[in-house]
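Number of protein chains: 2
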Amino acid sequence: MFNTGDKINLKFVITEEVYNGFIFIFKDNNPLHTDAKYAAGKGFKERVMHGNILNGFLSYFIGECLPTKDVIIHSQQIDFSKPVYMNDSLNFEAEVEEIFESVKVVKFKFTFKNNEGKKVAKGSIQIGLT
Amino acid sequence: MFNTGDKINLKFVITEEVYNGFIFIFKDNNPLHTDAKYAAGKGFKERVMHGNILNGFLSYFIGECLPTKDVIIHSQQIDFSKPVYMNDSLNFEAEVEEIFESVKVVKFKFTFKNNEGKKVAKGSIQIGLT
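In the order they appear, the protein sequences are chains A and B. Going left to right, the first sequence walks through residues 1 to 130 as this note's numbering numbers them. Going left to right, the second sequence walks through residues 1 to 130 as this note's numbering numbers them.
Just so you know, these hints were derived from the structure itself, not from any lab. Keep in mind that a hint or two might mislead.
Claimed, not checked - Distance ranges between label pairs, derived from CB positions: (1) B:G43 x A:E64: 15 to 23 Å; (2) A:E116 x B:T15: 32 to 40 Å; (3) A:M86 x B:L10: 24 to 32 Å; (4) B:K45 x A:K104: 20 to 28 Å; (5) B:N9 x A:P67: 38 to 46 Å; (6) A:E64 x B:T15: 19 to 27 Å; (7) B:E101 x A:E64: 36 to 44 Å; (8) A:S102 x B:T4: 38 to 46 Å.
Note that the Cβ used here is the ideal one computed from N, Cα and C, for glycine as well.
All chains, full assembly: derive it from the sequences and hints.
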């Protein structure tokens, strides 16, 4: 079902709906995310979107986009390297990095790239097949 | 402002509102999270909550609960060790693990424990002071 080197590509957009919903649920109103002037004062062109919105996209990737639904996340890791802004269209690519057949574990590495092709985040996610 | 060993304790509850909101935003309807019978068939007592809801709580912790708002997340890592269920009350504890003063970086380690005192997740998160 999985082979090392397999790739899955998805596109995610941080819309107003995603951004507002994330704040409504998690109450992170840090000014970097909510105050354009503050963000500009820190050297960013606009409000910076919450990095953990990308982790929500990972939930969708694992839960909905694999060849099987019988999965559970064991662990994940993400590095945020560039800011993501409202309505940025993110190209997500995940690759099967390792398969541990005896324990039914699959490890992916992934990247998110923005409209300009710049990598905004990368990381890895390990799942169990249930 | 930060000292190694400093601890911050918070409580988080995965309410229906948080759960429904997370699914509305991120569209992860994997049966493990949405179908009690399916979850039971996999050995869980109820629907398992999305692990990435805990990452949303981390966003709140970093954005809203530190002695300064002038922060940005660099990277984070989480291991999920036990299932979390609807309305579980999670005791979160973060501890300052390392401070890199010259580059204005602070690294926390954290745990989430459930009502029964069992660790359901642990990890680390590294931030920059802006």
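Consistency of the hints with the structure:
1. B:G43 x A:E64: 15 to 23 Å: Holds: the Cβ-Cβ distance is about 22 Å, inside 15 to 23 Å.
2. A:E116 x B:T15: 32 to 40 Å: holds (38 Å)
3. A:M86 x B:L10: 24 to 32 Å: holds (28 Å)
4. B:K45 x A:K104: 20 to 28 Å: Roughly 22 Å apart at Cβ, these two residues keep to the hinted range, so it holds.
5. B:N9 x A:P67: 38 to 46 Å: Taking Cβ atoms as reference, B:N9 and A:P67 lie about 41 Å apart, which means the hint holds.
6. A:E64 x B:T15: 19 to 27 Å: holds (23 Å)
7. B:E101 x A:E64: 36 to 44 Å: holds (43 Å)
8. A:S102 x B:T4: 38 to 46 Å: holds (40 Å)
Against the hints set out earlier in the document, no violation occurs for any number.
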